[in-house]
Amino acid sequence: MLYRTAGQFKTSYKKDQALFPVRQDATLLALILGLAWIVFPFMASEFAFQTLLIPVLVYSLAALGLNILTGFAGQLSLGTGAFMGVGAYACYKMITIFPEMNLIVAVLLSGFFSSIVGVAFGLPSLRIKGFYLAIATLAAQFFLVWMFEKVGWLYNYSNTGAIQVPNIDMFGVAVAGPLASSVTKYYFVLFIVTVVTVVMINLTRGTQGRIWKATRDMDIAAELIGINLLKSKLTAFAVSSYVVGVSGALFVFLWRGAAEPNLFDISLSFRVLFIAIIGGLGSIMGNFLGAILIVALPVVLNILPELFGIEIASATVEHLNIMIIGSLIIFFLIIEPHGLARLWALIREKLIIWPFPH
Amino acid sequence: MNDMTHDGYVTEDGRQIGGVMMEMKNITLRFGGVVAIKDISFDIREGEIRAIIGPNGAGKSSMLNVISGFYTPSEGEVWYQGATRPMMKPYEIARQGVARTFQNIALFEGMTVLDNVMTGRLTKMKSGLLSQAMWWGKAQAEEIVNREQVEKVIDFLEIQNIRKTPVGRLPYGLKKRVELARALAAEPKLLLLDEPMAGMNVEEKEDMSRFILDVNDEFGTTIALIEHDMGVVMDLSDRVVVMDYGKKIGDGTPEEVRNNQDVIDAYLGVAH
Ligand SMILES: Nc1ncnc2c1ncn2[C@@H]1O[C@H](COP(=O)(O)OP(=O)(O)OP(=O)(O)O)[C@@H](O)[C@H]1O
Ligand SMILES: [Mg+2]
Chain A
67 MLYRTAGQFK TSYKKDQALF PVRQDATLLA LILGLAWIVF PFMASEFAFQ
117 TLLIPVLVYS LAALGLNILT GFAGQLSLGT GAFMGVGAYA CYKMITIFPE
167 MNLIVAVLLS GFFSSIVGVA FGLPSLRIKG FYLAIATLAA QFFLVWMFEK
217 VGWLYNYSNT GAIQVPNIDM FGVAVAGPLA SSVTKYYFVL FIVTVVTVVM
267 INLTRGTQGR IWKATRDMDI AAELIGINLL KSKLTAFAVS SYVVGVSGAL
317 FVFLWRGAAE PNLFDISLSF RVLFIAIIGG LGSIMGNFLG AILIVALPVV
367 LNILPELFGI EIASATVEHL NIMIIGSLII FFLIIEPHGL ARLWALIREK
417 LIIWPFPH
Chain S
-4 MNDMTHDGYV TEDGRQIGGV MMEMKNITLR FGGVVAIKDI SFDIREGEIR
46 AIIGPNGAGK SSMLNVISGF YTPSEGEVWY QGATRPMMKP YEIARQGVAR
96 TFQNIALFEG MTVLDNVMTG RLTKMKSGLL SQAMWWGKAQ AEEIVNREQV
146 EKVIDFLEIQ NIRKTPVGRL PYGLKKRVEL ARALAAEPKL LLLDEPMAGM
196 NVEEKEDMSR FILDVNDEFG TTIALIEHDM GVVMDLSDRV VVMDYGKKIG
246 DGTPEEVRNN QDVIDAYLGV AH
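If you're matching them up, the sequences are chains A and S in order. Here the first sequence is numbered in this note's numbering, starting from 67 and rising by one per residue. Here the second sequence is numbered in this note's numbering, starting from -4 and rising by one per residue.
Chain A with its partners taken away, still in its complex shape (with noise of 0.2 Å):
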């Protein structure tokens, strides 16, 4: 009975198509919000902020934009990682060079720069296809992180080579940097999150998200139907490197602290595509699924022996988290590649009728 949609009849377009035409999702929505706005902030402690909220916050927006160009426009790449990079060295980059520039609009710009690039690099698209497109955009992340390590300008010729953040203040009150508080990052992530989902929901469920859809599913009828397929995957490209850009920037300034060129390697790109995969392609919930499956194991996986005082030694609880998230990813690629997602509107099919399954 908990998701009764009886009586809740559309009586317009308008309606039908509105966010959560059952009654039911709009609550569920209102009460993660609710949780992730207000009670999280309160409760979390230190290590909480620093080892699960933000990081799934960061991570789910990496896996969006990645979702936006695989799971939506079905473009594989494996550069997603030098992607963030990208996003990470230009807010780096903008912030050194205009220090009075506010931090959200620098993250927010950080994206256009990863954003040309995708595109630049996503201009092979329209020839090759698939395996080989992943190629492509492997030599992309290599290229790329070999840029941040080869290129002193981009971190500004220090002398460890890595990116330091600076502190960073808004309104007098410090976002980033040594001085800034978990909680106000927490903030911080959370907003820009909140709003670039909100605009990649509206995206994908209208005109731009059918091209998208369509490309993907079969792009020889797409083109027949009027679909421009070049543009299609450019903006596919260009709108999925601005998410992974700005998640990349917050990554850095809102979650690390400080980086190396290492850390936007290929593990990265493997780390959020397995979120996406897990999670669900084509979703925008998954990725949050997905992010939060992925941050979570290997904490659980360290607490919990703890708790039933068992001991462990931490290599294999290492191991342990790697043979799991291997299997999971062996799972949903075999039995349900859409993920997390779709095993949630499963079970969420199963409410709506139940207790009467007829």
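No lab work stands behind these hints, which were simulated from the structure alone. Mixed in with the good hints, there may be bad ones.
To be verified - DSSO-like mimics (lysine-lysine), calculated; alpha carbons at most 27 Å apart, straight line:
id: 1; chain 1: A; residue 1: LYS416; chain 2: S; residue 2: LYS170
id: 2; chain 1: A; residue 1: LYS195; chain 2: S; residue 2: LYS84
id: 3; chain 1: A; residue 1: LYS297; chain 2: A; residue 2: LYS195
id: 4; chain 1: S; residue 1: LYS184; chain 2: S; residue 2: LYS200
id: 5; chain 1: S; residue 1: LYS121; chain 2: S; residue 2: LYS84
id: 6; chain 1: S; residue 1: LYS170; chain 2: S; residue 2: LYS147
id: 7; chain 1: S; residue 1: LYS121; chain 2: S; residue 2: LYS133
id: 8; chain 1: S; residue 1: LYS159; chain 2: S; residue 2: LYS200
id: 9; chain 1: S; residue 1: LYS121; chain 2: A; residue 2: LYS297
id: 10; chain 1: A; residue 1: LYS416; chain 2: A; residue 2: LYS81
id: 11; chain 1: S; residue 1: LYS159; chain 2: A; residue 2: LYS81
id: 12; chain 1: S; residue 1: LYS84; chain 2: A; residue 2: LYS297
id: 13; chain 1: S; residue 1: LYS200; chain 2: A; residue 2: LYS297
id: 14; chain 1: S; residue 1: LYS119; chain 2: A; residue 2: LYS297
id: 15; chain 1: S; residue 1: LYS119; chain 2: S; residue 2: LYS133
id: 16; chain 1: A; residue 1: LYS81; chain 2: S; residue 2: LYS147
id: 17; chain 1: S; residue 1: LYS147; chain 2: S; residue 2: LYS184
id: 18; chain 1: S; residue 1: LYS121; chain 2: A; residue 2: LYS81
id: 19; chain 1: S; residue 1: LYS200; chain 2: A; residue 2: LYS80
id: 20; chain 1: S; residue 1: LYS159; chain 2: S; residue 2: LYS147
id: 21; chain 1: S; residue 1: LYS84; chain 2: S; residue 2: LYS119
id: 22; chain 1: S; residue 1: LYS121; chain 2: A; residue 2: LYS80
id: 23; chain 1: S; residue 1: LYS133; chain 2: A; residue 2: LYS81
id: 24; chain 1: S; residue 1: LYS200; chain 2: S; residue 2: LYS170
id: 25; chain 1: S; residue 1: LYS119; chain 2: A; residue 2: LYS80
id: 26; chain 1: A; residue 1: LYS416; chain 2: S; residue 2: LYS200
id: 27; chain 1: S; residue 1: LYS242; chain 2: S; residue 2: LYS33
To be verified - Label-pair distances were calculated between CB atoms; the ranges are:
id: 28; chain 1: A; residue 1: THR117; chain 2: S; residue 2: MET129; range: 31 to 41 Å
id: 29; chain 1: S; residue 1: GLN155; chain 2: A; residue 2: ALA381; range: 57 to 67 Å
id: 30; chain 1: A; residue 1: ILE390; chain 2: S; residue 2: ARG25; range: 49 to 59 Å
id: 31; chain 1: S; residue 1: ASP2; chain 2: A; residue 2: ILE419; range: 32 to 42 Å
id: 32; chain 1: A; residue 1: LEU204; chain 2: S; residue 2: THR160; range: 33 to 43 Å
id: 33; chain 1: S; residue 1: GLN98; chain 2: A; residue 2: ASP91; range: 33 to 43 Å
From the three backbone atoms N, C-alpha and C, an ideal C-beta is built for every residue, glycine too.
Given the coordinates of chain A, assemble chain S with the ligands onto it according to the supplied hints.
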């Protein structure tokens, strides 16, 4: 042919057919050594139902692909609405009012029926990315106006009850119908149907025939279709082009074509 004039003609059932909408002039299409179409010319007139028939491998689908711009002819010209059509991308041709269905269904399997049909209206959607991102004003208004059009098509083809079903779950016959819906949603001037009834049972074929006639009748849409079932072709079409081994071997009313010796030979498999 009855009352054939320069400007058109009147069909047996009394419909007025207009002037030439599309003309294929000496079209040849080669794939490497294979000649799929050899020097074929014919025209399609405003408002008529034009059939293309012929044995397997005759080059019918290739011809439809030339019309929809998916293949560029090796030789020859395509005239559309009074002018030669320059080299164009298929999506540009679609925007000139040509829509089609495919011999092997080409729907977007990951989307619902409604979304699939909505893609048919993409050429009419003009709101920018920014407006869509905000879901404000123009984007939302456009979404609703186009949804209304799409709902008309959905009602017309009687697929209301599967609106929200993912296309991948539908049986074959319904998929064919959804594909027609997607093409109709574009409000095409010229509708190309590649074997719209292949693989259907008798009842489904009757439904589909009725839909095709209704589309032509109610919207005045010009239709070119490929079909193997001779009975259907004779019932539906105003004029028929017959192809065999890439060549045109007949062209005329169903009656004329049926009595054409070359056509009879081709269908009975007389040695060439
Ligand atoms: N893309 C292609 N590359 C090479 N040869 C092709 C291609 N498309 C079609 N052909 C060849 O052109 C010829 C005509 O094919 P086409 O598909 O047009 O026939 P058809 O009349 O539609 O046949 P059917 O009734 O089986 O659908 C065939 O010999 C086919 O093998
Ligand atoms: Mg064919």
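Hint check:
no.	hint	result
1	LYS416/A x LYS170/S	26 Å, holds
2	LYS195/A x LYS84/S	19 Å, holds
3	LYS297/A x LYS195/A	15 Å, holds
4	LYS184/S x LYS200/S	24 Å, holds
5	LYS121/S x LYS84/S	19 Å, holds
6	LYS170/S x LYS147/S	18 Å, holds
7	LYS121/S x LYS133/S	9 Å, holds
8	LYS159/S x LYS200/S	24 Å, holds
9	LYS121/S x LYS297/A	14 Å, holds
10	LYS416/A x LYS81/A	23 Å, holds
11	LYS159/S x LYS81/A	15 Å, holds
12	LYS84/S x LYS297/A	13 Å, holds
13	LYS200/S x LYS297/A	38 Å, violated
14	LYS119/S x LYS297/A	16 Å, holds
15	LYS119/S x LYS133/S	13 Å, holds
16	LYS81/A x LYS147/S	18 Å, holds
17	LYS147/S x LYS184/S	17 Å, holds
18	LYS121/S x LYS81/A	22 Å, holds
19	LYS200/S x LYS80/A	35 Å, violated
20	LYS159/S x LYS147/S	15 Å, holds
21	LYS84/S x LYS119/S	18 Å, holds
22	LYS121/S x LYS80/A	19 Å, holds
23	LYS133/S x LYS81/A	17 Å, holds
24	LYS200/S x LYS170/S	13 Å, holds
25	LYS119/S x LYS80/A	19 Å, holds
26	LYS416/A x LYS200/S	36 Å, violated
27	LYS242/S x LYS33/S	5 Å, holds
28	THR117/A x MET129/S: 31 to 41 Å	35 Å, holds
29	GLN155/S x ALA381/A: 57 to 67 Å	60 Å, holds
30	ILE390/A x ARG25/S: 49 to 59 Å	57 Å, holds
31	ASP2/S x ILE419/A: 32 to 42 Å	60 Å, violated
32	LEU204/A x THR160/S: 33 to 43 Å	38 Å, holds
33	GLN98/S x ASP91/A: 33 to 43 Å	40 Å, holds
Consistency with the previously given hints fails for numbers 13, 19, 26 and 31, ordered from lowest to highest.
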